[in-house]
Amino acid sequence: MHFRSRIAIVCVVLFGVAGVGCSRPAEGPAPEQPKERPISFYLERYPEIMDDWRRAFTIETELGIPVGYARPDSADLTLWQDWVQHIPLWHFNKGVSSPTRGFIASRDSISRAVRMPLRGGNISSAGIPIQLYAEYLLWRGQLDAFRWSPLAGDTVTYDRFLSSRLAFGPRGELRLRPDEPRPASSEELSRMVDAIAASMTFASLATHCESLERNPIAPGDLLIATDSAGKRGEVYVVLTRLEGRGKPPVLLLGTGCEFGCDFHIPLFGATRTEAWLTRDQAEQRVSTWDRWEWFRPRFNGLP
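The end of the sequence shown is residue 613 by my numbering, with every number in the run present.
Do not take every clue at face value.
[Unchecked claim] Pair by pair, the computed Cβ-Cβ distance ranges are:
| hint | residue 1 | residue 2 | range |
| --- | --- | --- | --- |
| 1 | LEU353 | LYS541 | 35 to 45 Å |
| 2 | LYS541 | PHE351 | 36 to 46 Å |
| 3 | THR598 | VAL377 | 23 to 33 Å |
| 4 | PRO357 | GLY405 | 31 to 41 Å |
Hints were generated in silico from the structure; no laboratory data involved. Note that CB positions come from ideal geometry on N, CA and C, so glycine has one too.
Throw the hints in and build the complete structure from the sequences for me.
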């Protein structure tokens, strides 16, 4: 894995101190705008996420799109990228919780929570891309394509997981021992994703990706930053990228915690709706880490 070497923090201020502002109030949901998609679109694409809610809280309704910017055309994205860019958010009152630590962050300390089920207490920021991968394949009805090959330990497929019992090696590597088969279920999917997250590393995540260098960034891409040993770090997921005529593109980034917690958009600006960052601003946020780099996931089964 090749990471960009540590850089000095450069105080470049674009569109405000921390993020690109949009004309939205600091508190409460953004004023209602016409949605890009009807509620049926979200119910069909995100069945595990939507549950029994009949309303989709979206980037448009919760944060607003900065003036002069627009989402990328779905026709210009892969199906995976388009799926990621339309993942619903939670309403403005939702904070951040952890399966093991309870409520950990108030609504006012984040921009918005991202609407994904909590599938286990081990899903840190590095594990969130694996959960996104599993949720996408679940929607596509292609969980048989799920495949995770760690740097150490057993390769995990969903079918193999369902006919195995879990064990961990002396260095925490995941081991699958033959066992009586179990039927597929949401609970089993959660157990698998959580087990992978418990045994994975930043390096193993990067081996399932390709480096972007200075190539354009798209929804679903990752910004991975670590210390020199690769044991601590953070991962940001690009939820969408907006283009503006005569303006630099801006990104919406989501992340998790060092331990398992809700997927969420951090508070980057002075208000909760100032969530948009240029690429340079995003890189400044991870520049204090020893190594960082942009990646594009190449998980098995993704288009």
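Here is how each hint holds up against the structure:
no.: 1; hint: LEU353 with LYS541: 35 to 45 Å; verdict: 41 Å, holds
no.: 2; hint: LYS541 with PHE351: 36 to 46 Å; verdict: 41 Å, holds
no.: 3; hint: THR598 with VAL377: 23 to 33 Å; verdict: 32 Å, holds
no.: 4; hint: PRO357 with GLY405: 31 to 41 Å; verdict: 24 Å, violated
Checked against the numbered hints above, the structure breaks only hint 4 and satisfies the rest.
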